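Residue numbers (our numbering), protein chains in the order written: chain A, 2 to 237; chain B, 7 to 298; chain C, 551 to 856.
Hints were generated in silico from the structure; no laboratory data involved. On a predicted model such as this, the values are computed, not experimentally measured, just so you know. The reader is advised that the hints may include incorrect statements.
[Stated by the list, open to error] Below 30 angstroms or equal to it, Euclidean Cα-Cα: the simulated DSBU-like pairs (lysine-lysine) are:
id, chain 1, residue 1, chain 2, residue 2
1, A, K34, A, K198
2, C, K656, B, K176
3, C, K656, A, K75
[Claimed, not checked] In silico negatives: residues of chain A with every beta carbon more than 10 angstroms from chain C:
id, residue
4, H6
5, D12
6, P58
7, F124
8, Y140
9, T171
10, V178
11, M201
12, V223
Ideal Cβ placement from N, Cα and C applies to all residues, glycine included.
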Amino acid sequence: MRDGHILEIRDVTKRFGGVTAVNRCSLALAPGKIYGLIGPNGSGKTTLFNCITGLTPRDEGEVRYKGERIDGLKPHRVARRGIGRTFQIIRVFPELTALENLLVVTREPFEAARRRAQELLRFVTLDRLQSEYAGNLSYGQQKLLEFIRVLMTDPELILLDEPAAGVNRTLLNELLVAITRLRDQGKTILIVEHDMKVVMGLCETVFVLDYGEKIAEGPPGVIQADERVIEAYFGR
Amino acid sequence: MGVTITPAMVGQVVISGLLAGALYSMVALGLALIYGVMRVINIAHGTILMLGAYTTFWWFHLLGVNPYLSLLASMPLMFLLGVLLQWMLVTRVVDAPELSSLLLTFGISIALVNVAQLSFTSDLRSVEFLTGAFLVGPIALSKSRLISFAFAVVITLLAFWFLQKTKLGKAIRATSQSSEVAMVCGINVQRINLYAFGIASALAAAGGSLVAVMIAIQPEMGQVYTFKSFLVIVLGGAGNYPGALLGGMLLGLVEQLSSLFLTTQVSEAVAYVLLVLVLLLRPTGLLGGRAT
Amino acid sequence: MRWAFLVALVGGLLLLALYPMVATGYGIQFMLQLFMWVALAQSWNLVSGLTGYVSFGHVAFFGTGAYAGAILVTTHGWHWGPASLAAGVAAVILALIIGYPCLRLKGPYFAIAMLGLNEVMRVLVSYFEGLTGGGSGLSLPTLHASGQIYYAMGLAAIAVTAAAYLIITSRFGLRLMTIREDEIAAEAMGIDTARYKLYAFLLSAFVPGVVGGLFARDQGYIEPISVFALLTTITMIVMALFGGKGTIWGPVLGAVTLFVFQELVWARFLYLHQILFGAIIVFVVLLMPRGILGVLQERYRLPRTL
Chain A
2 MRDGHILEIR DVTKRFGGVT AVNRCSLALA PGKIYGLIGP NGSGKTTLFN CITGLTPRDE
62 GEVRYKGERI DGLKPHRVAR RGIGRTFQII RVFPELTALE NLLVVTREPF EAARRRAQEL
122 LRFVTLDRLQ SEYAGNLSYG QQKLLEFIRV LMTDPELILL DEPAAGVNRT LLNELLVAIT
182 RLRDQGKTIL IVEHDMKVVM GLCETVFVLD YGEKIAEGPP GVIQADERVI EAYFGR
Chain B
7 MGVTITPAMV GQVVISGLLA GALYSMVALG LALIYGVMRV INIAHGTILM LGAYTTFWWF
67 HLLGVNPYLS LLASMPLMFL LGVLLQWMLV TRVVDAPELS SLLLTFGISI ALVNVAQLSF
127 TSDLRSVEFL TGAFLVGPIA LSKSRLISFA FAVVITLLAF WFLQKTKLGK AIRATSQSSE
187 VAMVCGINVQ RINLYAFGIA SALAAAGGSL VAVMIAIQPE MGQVYTFKSF LVIVLGGAGN
247 YPGALLGGML LGLVEQLSSL FLTTQVSEAV AYVLLVLVLL LRPTGLLGGR AT
Chain C
551 MRWAFLVALV GGLLLLALYP MVATGYGIQF MLQLFMWVAL AQSWNLVSGL TGYVSFGHVA
611 FFGTGAYAGA ILVTTHGWHW GPASLAAGVA AVILALIIGY PCLRLKGPYF AIAMLGLNEV
671 MRVLVSYFEG LTGGGSGLSL PTLHASGQIY YAMGLAAIAV TAAAYLIITS RFGLRLMTIR
731 EDEIAAEAMG IDTARYKLYA FLLSAFVPGV VGGLFARDQG YIEPISVFAL LTTITMIVMA
791 LFGGKGTIWG PVLGAVTLFV FQELVWARFL YLHQILFGAI IVFVVLLMPR GILGVLQERY
851 RLPRTL
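Put together the whole structure using the sequences plus the hints.
Rendered as structure tokens:
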């Protein structure tokens, strides 16, 4: 790993026709920390996630994971390297049961996979719903399912896209505890969030995007007081 | 082969290509509208073209009046059919996975084609109205192709004027960009969908009427036009309405050019290979539309 | 419950195996074709039902198999058994050539590409007249083997249904289904969707090829419009949809029901029959997207792997 960074993004740019969604964005993540990625709507956060994971090929720039370039790789290869992500709009597999949703993403032997899956289901108290079609679960339950599904592949870097959206307080607390536990296990987490309380309470470093550019970077307290950040959110 | 290709032949081919291309553009614009507004691939598009062609046939056969006037009948009739199909059937799959709309329009297409078979029999029909060609130097311009070109151009221009300048047209374009945003702006997306399908069907019908004067009419004639319309959209870029124009011209040219070197049968396969190539190499179309 | 089902299954298969001893020529033909449709519908199900990639040109594999089998028998003197297997391989090769580029396309584009495939195959067959007899068709040396072909078709139907069972109850099958459910999420979870799509596609082409070869042998004469008929694709799609795509027994159910109706009632009215097929597709898509079996599964909470 170069400089000890698990993820390094250098001058990544992505254009859609005339719109530059991500503009020469650079950031670096050290392993074992929780990072936040914030910015007004349309500032390019999800696009950046897509560029990292290979879902959207970037136009310029480099993405390095553990020192090796991963830009240009197809999404499933990026995932296999150890990067997991969740989506802004929940993407569980609706016609598969909760258990099957978990089993399908791993290549482990069946028994071992099933044990782990059931453990994870118990962890988020979904185990009694394991044979229910994922499409029949409630919004919050699907959200949890998507979260543990990412964990099934045991990734080292986890990208969470708005994990708190539409989630009630109790569930949210469980989620936050889970995320902290993951960090304690040595995983690196990057969260896109709009809920400022979550970001401020959880993240050690926060990146701020505006119009696709990184305009600030630092601990939550500093970011909150940063003029440019305030202007980006309110000054328009 | 050993056939020398003269400039006159090339000129002939280019002109024929452009003449045919305008028709393809007009019909493809219809398919593009449906896809743009609803993200539905209307496999029944060519079937509606076929019904337009039959309308012209019966118009000419029963009334003996200039078949080009039948446009006044076929376009409104198919507009209504389109609205009906959308209202009763297609609307239920607009938000469903694409598989559903594909299968649905496929089912509609089969049903309509066979209704035509039952009603009109599979006997080949034709409208003998205009024969012969104008000679401009060494190039022969088939009269019927020329007139169909003229109509196609006029209708397509009208369609574009409509999309650009009228309120409904702009609403349609807005919905193609984003149906959610359109809804938030107060656009009744359900109604837009009806109009889009209706207008698209009218365009297909126009294509059918124009083509009726030139080729044999039979119930299965539409399928190839659905396919070619799709090819045009892919060439021009999905969701890119002006792209459909370019795509149509390009298809017309490629077809005529390939007929110089290959038999007409094989030029169908050429269209197919072209489609696969473009989809693989530039899925956003030659003019760069939206990649689905 | 399971035992009863298995006993019924084995009993049924036994009856089918003994049937030719008491059947008339027509009876054998009827069942033979029924098996063929089961095999076709089930094969279509393997790709379109599981991955959601609708193959509108599946008859291309049937036709390719028919011609490959016929040519091997006529020109090279092969026995129809190995010829039919080779026909299956030929179909898989075609699937590889078509599938490799086309499966990279998103769902709707793939569907349209498959729609055009039919036409291309017909054109190719006419083009290579010397080999295929072009528009005048191809005749095979006379042979009365309906009895044996009955068993061969039956085996094909059993084989592909068994394959469906194995796939749908395995993680391989689950992965195929994730492509249908949410291809982007599947990719993001590390599933190589391109590869799995191709596997499903290749698997789905084999049996239609074999069955095409058997068909050619049984009919004794084939021509482009008979083995590359759009109606064949339509029929296999309707059967799988009606019975329940994505299930094991759905295509079997659909094939049996619709074929029986077709032979008893509709075949006399060709166009009406096709209109009905079109109407059934519309009906199923709007009201019973998971087919008859899907309805039963919901009503009686049956397992998905049925």
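- Hints not upheld, ascending by number: Of the numbered hints, all hold.
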